[in-house]
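A.B. asks: One-letter residues, chain by chain:
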Amino acid sequence: MKSMEEKGGNQHIRRFGPYRIVEHLALIVIFLVLAMTGLPQKFYHLGISQSVIVILGGIDNLRLLHHLSAMLFIGLAAEHVIVNFVGVTFMDWEPSMLVTLKDAQDSFQNVRYYLGLTHEPAGCGRYTYKEKGIYWFVLIGSVQMIITGLVLWFPVAFTRYLPGIFVPLSKMVHTSEAMLIFMLVVTWHIYDSMLNPDVFPINKSIFTGYIGTRQMKRLHPMESATLREEGSADQVDRSIPV
Amino acid sequence: MKRSKGIVAAALVLSLAIGPACGVNQGFAQEEPCAVLNRECLACHGRDDAVKKFADGSVVKTYIDSQSFAKSVHASLSCHDCHQDFTVTSHPERSFRSRLQYRTVESRRCRQCHPDDVIGARSIHETLLRKEKSGEAIICTNCHSAHMMSRVGAGSAAKSETKHCLACHSREKVKKFVNGETVSTFVTPGDILNSPHKDIGCTDCHSDFSSARHPDNRYGSEREYRHSSAGMCRRCHYDKYAMVAENIHNAMLSAGRLDAPTCVDCHGTHSISSLGNDRLSIVRKCAACHKEVYSAYSRSVHGGALFNGNNRDVAICTDCHTSHNMQAISSIDFHDDIPDRCSNCHSNPVIMGKYGLSTDVVKTYLSDFHGMTLSLYRKETWKHYGPPPAMAVCTDCHGTHDIARVSGSDIGQMKIKLMKRCASCHPGASENFPDAWLSHYRPSFGVAPMVFITEQFYRIMLPLTITGILFLVLLDIWRYFRSR
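Same order as they appear, the protein sequences are chains A and B.
So for the first sequence, the numbering used here puts the first residue at 1; every next one is plus one.
So for the second sequence, the numbering used here puts the first residue at 1001; every next one is plus one.
Honestly, the hints are just simulated from the structure, not real lab data.
Since the model is a prediction, treat every value here as computed from it, not as a measurement.
Honestly, I wouldn't trust all of these hints.
Stated by the list, open to error - Derived lysine-lysine pairs resembling BS3-like cross-links, with alpha carbons at most 30 Å apart:
1) B:K1354 / B:K1415
2) B:K1417 / B:K1354
3) B:K1173 / B:K1131
4) B:K1198 / B:K1173
5) B:K1363 / B:K1379
6) A:K42 / B:K1133
7) B:K1198 / B:K1133
8) B:K1354 / A:K42
9) A:K42 / B:K1240
10) B:K1175 / B:K1133
11) B:K1291 / B:K1420
12) B:K1291 / A:K42
Given only the sequences and the hints, what does the whole structure look like? Please build it.
C.D. replies: This is the structure in structure tokens:
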């Protein structure tokens, strides 16, 4: 586990290490900049988009900002994939984000729960099937966004090897996929980690690195149980890189 | 005026006694005495079939319209008062070289009652008197008429003003400019009467002139004079003048280019016309200076239809360049406005419908990279960031004056041309590059099916996903509170 610490009389469990915290913070910042500079391009005819464009110094500056943050995003995505691939493959990190049969069972269990067929919601591990779902959705979407974004950024270079139609196709994918990811984040992710009555007003664990024991039990009952079995506060969590 | 031929019965005494005081009613006759005398003259001069012949063959009718005379300022005079050689008993035979000589001689009689120092107080007379000294005859009746004389400057001026001016300006004369150029002062009355200006008088435009004033304005050259005439038009057409003041022609003029056109160069002078409906004429007016453009235009799809079929829908010069506030084509503003100019017709379903052309061309342009960027550039207050680079607009691909029909053209040739155009802004563009532009087509199964299918996929996926998530959120909240 999971170092346990005493904080204000409430037991806290260490859930995320500094690497995950910084990675998530970087993702928030880059995501917001990309959305702020990307959405006005998609909805350029709206007054608010034009205000943003003017404030940021015109469409050319907006695009520059979009490209710069896209470079950071590519860096972040590459770092994430490489570090975690190496971690899981060679350093024996727990592949806690991999989708397993258990996730299918959990989602099925929750359908029954929602339908009132059972009173027990699915007991999830370190990451719930919902968290895994959005993680993989965003990760695969990001790859799509990066490839199509590069085509739009360097159309002359790409059309040396690809038919010209890939440019409008990339535009269609880029703009639509962006919308899908954006909507998914502002609806599901914001609900799940902020508005959800279980965590309202906000689940701070990704920022502080700690989660309260009660919340841990409620949100991640399986992992919570594992921790209790292991019972050791000194054991280093392999899923938390230093 | 005309000479009486009739020998009149009424006594000479009577006419002598009444004399110039004819207007005073002396009470010894039932009718006014001068009226009696005049009636004697009119016995012959009331007939409209008699003429007086001059040596050069010209003739003048001897007919007098007594009713008009009775309304004139001289109504109280008798014929004899002016035609002093003539009485009821005396009707001398006189001969003149010409009608002009006759009029000149007769005009001297006017000045017996209207001495030079009195009439000279008016500047028009002053000018005439000055000219007389240099040998030019003064003919009063040119302006004042003979038997219907009216006070030109008082009330009745407007009616007879045109006549008044035409008295001189219907003759071939020239005005000289300082550089030796001349311009004819001849005015064909029909020109004005057939123009939209038929109801306004000469001095409405030539406002520093009147029946009393005829200043001798001096201009360096004919062009200088024509440019100065723009000031006349401004008095009424101020809206046009304001536009012209900012146009490229006026900028040329400000830079000293007197060959720049002004109002009258396009609209004409006395035969002025609005040009509004005559599209062919408008093109030809511009062609007078812009010959190369004209020849390119005549080969274009627009020009061809205009010249060969007198098609009234096709764009002519003024549709793109406007008629009065035409801008320099090199200005970024003009370039950036081009999609608007094209869309005036190419977004109009009524016009495009006639020729089976798509009205989507402007929309598809505006929704793509160039159009979108351009529309944003135009809204930016780029003063703070410097001028934006030029974005490709309609004419950058289709050409300007030599614009050609797209349908039916050789696609291969077009692609090669297009690639060159692309490469002028996108160095290194390959032959695939132009295909990045869907040629104004919206994606469909026929055109860019991959793009179309992707579009439809997301069109379904996006609302479906969001609705699903909102449903899950509500379900989650509902279940949470239910299970508490």
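A.B. asks: Against this structure, judge whether each hint is valid.
C.D. replies: We went through each hint and held it up to the structure:
Distance hint between K1354 (chain B) and K1415 (chain B) is fulfilled; the C-alpha atoms sit about 28 Å from each other, no more than 30 Å. Taking the CA atoms of K1417 (chain B) and K1354 (chain B), the gap is near 28 Å; set against the 30 Å cutoff, the hint holds. Note on K1173 (chain B) and K1131 (chain B): the hinted pairing holds, with a Cα-Cα distance of about 14 Å set against a maximum of 30 Å. Proposed proximity of K1198 (chain B) and K1173 (chain B) is supported: the alpha carbons are some 23 Å apart, at most 30 Å.
Taking the CA atoms of K1363 (chain B) and K1379 (chain B), the gap is about 18 Å. The hint holds against a cut of 30 Å. Restraint check for K42 (chain A) and K1133 (chain B): not satisfied, since their Cα atoms lie roughly 84 Å apart, outside the 30 Å limit. A threshold of 30 Å between alpha carbons decides the hint, and for K1198 (chain B) with K1133 (chain B) the separation of about 36 Å lies outside it, so the pair is violated. The suggested pairing of K1354 (chain B) with K42 (chain A) is violated, with an alpha-carbon distance near 34 Å, which exceeds 30 Å.
Restraint check for K42 (chain A) and K1240 (chain B): the C-alpha separation of about 41 Å exceeds 30 Å, so the hint is violated. Restraint check for K1175 (chain B) and K1133 (chain B): the C-alpha separation of about 19 Å stays at or below 30 Å, so the hint holds. The suggested pairing of K1291 (chain B) with K1420 (chain B) holds, with an alpha-carbon distance near 28 Å, which does not exceed 30 Å. With a C-alpha separation of about 45 Å, the suggested pair K1291 (chain B) and K42 (chain A) falls outside the 30 Å cut-off, and the hint is violated.
The structure fails hints 6, 7, 8, 9, 12 (numbered hints given earlier, in ascending order).
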